[in-house]
Amino acid sequence: MPAAGQLLVQPRPGDPEVTATLVEDHGLSEVEYAKILEIMGRVPTFTELGIFSAMWSEHCGYKNSKPLLRTLPTRAPWVLQGPGENAGVIDVGDGLAVAFKIESHNHPSAVEPYQGAATGVGGILRDVFTMGARPIAVLNSLRFGELDGADGARVRYLFAGVVKGIGDYGNCVGIPTVGGEVYFDAAYEGNPLVNAMAIGLLKKEELITAAASGVGNPIMAVGSKTGRDGIHGATFASAELTAESEAKRPMVQVGDPFTEKLLLEASLELIRSGHIVGIQDMGAAGLVSSSTEMAARGGTGVDIEITLVPVRERGMTPYEILLSETQERMLVVAKEGREEDVRDILGRWDLDAETIGYVTDTGRYVVRENGAVVADIPGEPLVDECPTYTREGRENPEITKLREWTPSALAPRHEERDPTWTLRRLLDSPSIASKRWVYEQYDTTVRTNTVVGPGSDAAVVRLRGTRKAIAASVDANGRYVYLNPFAGGAIAVAESARNLVCSGARPLAVTDNLNFGNPLKPEVYHQLSEAVRGIGEACRRLETPVTGGNVSLYNENPRGAIYPTPTIGMVGLIDDLEHITTAAFKEDGDAIVLLGANSAELGGSEYLKAIHGLVAGDAPALDLDAESALQGALLEAIRAGLVQSAHDCAEGGLAVALAESAIGADEARGVEASLDDELPLNALLFGEAQSRVVVSCRPGDLTTLLERMRAAGVPAAEIGRVGERGGRVSIATREGTVDAPAAELAAIYFGAIPRRMDGTPEAVDAMLRSEIDRR
Amino acid sequence: MSDFQVEVRVVPREGILDPQGKAVAGALKSLGFAGVDHVHVGRLVTLSLSAASPEEAQHAAVAMCRQLLANPVTEDFDVRILEAAGS
Amino acid sequence: MSDFQVEVRVVPREGILDPQGKAVAGALKSLGFAGVDHVHVGRLVTLSLSAASPEEAQHAAVAMCRQLLANPVTEDFDVRILEAAGS
Amino acid sequence: MKVGVITFPGSNCDYDCYKAAQEVLEGETIFLWHKEHDLRGVDAVFLPGGFSYGDYLRAGAIAQLSPIMNEVRQFAAAGGPVIGICNGFQILCEAGMLPGALIRNRSLRFISRPVHIRVEQSRPPFTSEYGAGRVLRVPIAHGEGCYIADEPVLDALEAEGRVLFRYCTPDGEVTEAANPNGSARNIAGIVNEAGNVLGMMPHPERAVEPLLGSADGAPLFESLGAHLTSMMIYK
Ligand SMILES: Nc1ncnc2c1ncn2[C@@H]1O[C@H](COP(=O)(O)OP(=O)(O)O)[C@@H](O)[C@H]1O
Ligand SMILES: [Mg+2]
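Protein chains in written order, with the working numbering: chain U, 1 to 775; chain V, 776 to 862; chain E, 863 to 949; chain B, 950 to 1184.
By construction, these hints were calculated from the structure, which means they are not laboratory data.
Backbone N, C-alpha and C fix where the C-beta goes; we use that ideal spot for every residue, glycine too.
Some clues are possibly wrong.
[Claimed, not checked] The calculated label-pair distances, taken between Cβ atoms and stated as ranges, are:
{"no.": "1", "chain 1": "U", "residue 1": "352", "chain 2": "B", "residue 2": "1171", "range": "41 to 49 Å"}
{"no.": "2", "chain 1": "E", "residue 1": "915", "chain 2": "U", "residue 2": "43", "range": "22 to 30 Å"}
{"no.": "3", "chain 1": "U", "residue 1": "674", "chain 2": "E", "residue 2": "896", "range": "57 to 65 Å"}
[As the list claims (entries may be wrong)] Here are the simulated DSS-like pairs of lysine-lysine, each with C-alpha atoms no more than 25 Å apart in a straight line:
{"no.": "4", "chain 1": "U", "residue 1": "401", "chain 2": "U", "residue 2": "225"}
{"no.": "5", "chain 1": "U", "residue 1": "225", "chain 2": "U", "residue 2": "335"}
{"no.": "6", "chain 1": "U", "residue 1": "468", "chain 2": "B", "residue 2": "984"}
{"no.": "7", "chain 1": "U", "residue 1": "401", "chain 2": "U", "residue 2": "609"}
{"no.": "8", "chain 1": "B", "residue 1": "984", "chain 2": "U", "residue 2": "204"}
{"no.": "9", "chain 1": "U", "residue 1": "204", "chain 2": "U", "residue 2": "401"}
{"no.": "10", "chain 1": "U", "residue 1": "586", "chain 2": "U", "residue 2": "609"}
{"no.": "11", "chain 1": "V", "residue 1": "804", "chain 2": "B", "residue 2": "968"}
{"no.": "12", "chain 1": "U", "residue 1": "468", "chain 2": "U", "residue 2": "204"}
{"no.": "13", "chain 1": "B", "residue 1": "968", "chain 2": "U", "residue 2": "203"}
{"no.": "14", "chain 1": "U", "residue 1": "335", "chain 2": "V", "residue 2": "804"}
{"no.": "15", "chain 1": "B", "residue 1": "968", "chain 2": "B", "residue 2": "951"}
{"no.": "16", "chain 1": "B", "residue 1": "984", "chain 2": "U", "residue 2": "225"}
{"no.": "17", "chain 1": "B", "residue 1": "951", "chain 2": "B", "residue 2": "984"}
{"no.": "18", "chain 1": "B", "residue 1": "984", "chain 2": "B", "residue 2": "968"}
{"no.": "19", "chain 1": "U", "residue 1": "35", "chain 2": "U", "residue 2": "335"}
{"no.": "20", "chain 1": "U", "residue 1": "468", "chain 2": "U", "residue 2": "203"}
{"no.": "21", "chain 1": "U", "residue 1": "521", "chain 2": "U", "residue 2": "66"}
[Said to hold, decoys possible] Which residues of chain B face chain V? A few of them, derived with a C-beta cut under 8 Å, are:
{"no.": "22", "residue": "1002"}
{"no.": "23", "residue": "1005"}
{"no.": "24", "residue": "1006"}
{"no.": "25", "residue": "1011"}
{"no.": "26", "residue": "1160"}
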């Protein structure tokens, strides 16, 4: 007999019996299953088991990360919506707010790069526009194996497919892709990372949250018909990639950006119409997660008749319909009696809506099939009582040992006596080289608000009707995090903020994507917990709270784990369009000033890897006080109009930063610089000491700029002059001089990726597999 | 060795979303064509191939599909060897 | 009325640039396939159509091609009525 | 004067076009919905960029069947100025209102970047405010922008001065290397026989403000404005 308030649930004919094996296949542990039995007071049906399995997967339940995420700072006066909603929202003044969020699609992209990446963009756009925000920009953060390693052909195939997938989707929807980052390292072979971030703009009063409230309100399914796509994708995204995942291939979801564009327009109209109380993307774990989460937020229950859900295929079971991850679908809670109004708006955009159920006051999650109850679960425990774990973390002793490496152990190669050789090598390293091959495939200028697109430190998108602009950047150096998870996590935040400041923005808030290996392994859990601690500390010091994010664990393959890669997406505000600053040198004779101090560090540098094949040493030291002082003083100087260009020193160090400012824009310019620090040549030119920025200023502003920096306690020194177009890049040091025509360095820098992608026969093959029209 | 005319048909996998087919179906309907259903859009690759026998040609064409012409995750293919055209 | 299975083949017109065909040819060659020539990439549209006779189905399908499925400037088409599948 | 921007399902430069027209032109700018049967008295029509119907099948193929296209045809036949940009150009070709076709870029990749184009003809209604030979910097963003047509058609376009824009180097030289997508004879924009229907792949509406990198597209709108003003005087 069911207890009071519970409905009679009959096993559905044809459904498998719930056994220990079936429970295990659903990725649920014994402890978790015991908890389910306790919540249910009986053995769950197959459908109910599927529901629990999806909701309690890592992807939806955050069972291994929640306790860590709770330690992150999430509040500031400008934060309107912190973690827990589809996207975070911050106040940017003038009655406007910005919604933004990052999301990973690593596992789907490893299996089917084009569709995996495309649907990743689709999902993150929906997260933003379901908040009532019109998407204004997308960014992405990508990691692949080595382009010319042993597995090069496969890597090139994945890289080409992912880039085309991101481009085709965003281009079609008409949202500019304005920035991102790409790194190549053997650590990501077989397990690429694809993180997409979307930013949207809304009027503060139009903010809507995804809650199912109002007993009796109809629940409507909107958008594409449900098919068998990606069933158990959320569980899939929470397990290690094995040969078996190859067999799971038919689950791959296909994106339909055209329908997304219609959904986007229709959703924004719906939200403004006042006919609905809530709207949510049917994303990972589809209908189940969207409906249960909306009910939980609304403190209500739902009652769904599964046969009313529009389906694409015949014979779909409740289990399949509930768990399907068909893209471009939304769940809408309409106001009672407004269903026709909702249908009218959608019909204008050629979209259908079906009422599939109602909001109830029982607090229970009820699913029926032709009236017969197939699932009846108390909603609150389903959403909130997923067991969470604080695992044991222990550093891998090999990494402890790696960190003890110091530059004194390094024997320079004989070619390095000519530092120009080294610089050329670094500019040709795909992780440092220009990513133009990538972003030329992205529409960067649609919507006519992109003031600074890809190719500078941060992207800048103006806010029409105001003097303001938004700046955004995504950053993470997995190698630093691998060598020192705490420092690496903090550096990712600091670098992201520094990129924003270089563009003239005040950093405001963070969305993070934690890409890690299997958390059940103590050495991985150690990386995860330490990196989160580093992120938290940097976010607190730099006053950039975390407003949301995403966790992607189990990024491993039979060959090993990826570098722990906590991608930081950051948004900042530029108060006045006048303050927008880019990395490129502007005029002959401008003075070049280095802010921050050089050091003898080489640990974790691109130089060590590209020139010596070494991943060793400690991550660069980060002093958050120095960082904060640098950022504050630089932003002040930019606002005072003293700065012509600003570029932070990142991978490849000072020499690469100088070269990028000279050659990174349309026309290559010369540089005449001289460094007289008493440091080893390689560390001085190519070391990656933190908290450094290369700026240029008009000669007449030099004294003021240097004085201001001194007053702020920020090391600053004039190190050279900007040269003319087509000049030479020359950097003199005590031990040797870099000297080469700017045009030659530009050819290397811009040619490195095209050369690898379009040059070799296998590359052509790799490119083609994704280029052949498969829409 | 003979030259074979090869035709490769690549179609979206059964059950996989076919947005293109959906759009074409809608357009045909709005043009007034009635009774149209199950619209799918695929690719047709034609090529000539020199091989010793139809079997060998078939074998090579299937290998091409596996390696390049079709996406094993989302598409099914089908190879037809049409004729030996000359020596 | 019967349901006919219709297959529409749309191919780049002779003499028209076919960048995809060219790229596929290059890729097949680089993958080591020898003796491949005249590679072209076209479109394959499949649909079911209810019509009174194969002739009527053929006629409707040709009209679809003229109005939508093929671009007369760049493409040629060819319609095949495969079978009547049930009433 | 009143100009209309058509929104097809999947248009995504409609707003950009609207904004540019509004900023540069005097008078009113309105959106026209693809299902409408009436151009609501506009004096010029823009078919904006984007991916109408997802560009599924062929770019522009499905949009040209939209109800409003009948009105656009009649409007053009009566001499009304029509401007198709990017996807709009593709729609005009698919609709048979301009000769030729746009196929996939030579590289098979989508290309988004600023390019240089040379103004080949300075004449109303679209280019009178440019000097012939002037080099413009405007963005392109397309996957299917390779313009092709039969040789006789191309010869006729040339002979009749209907090629308005050609891809070129920053110095105005028409070279193979300056051709981003493989278009026949570096063609970036053409007009119909009567000269009142323009199709172009580059985006002038994305180049009307120095803040966004270039204002070289503004004179195109100014040319249209000058033409419409002169028409009103004659009316
Ligand atoms: N995947 C990508 N998509 C778009 N833009 C990218 C991508 N990767 C790199 N970029 C752009 O290239 C420029 C340089 O990238 P990166 O070297 O990572 O910059 P930084 O070191 O300053 O963070 C940035 O403007 C960035 O936005
Ligand atoms: Mg960098």
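Could you tell me which of the hints above the structure violates, numbers in ascending order?
2, 4, 6, 8, 9, 10, 11, 14, 19, 26
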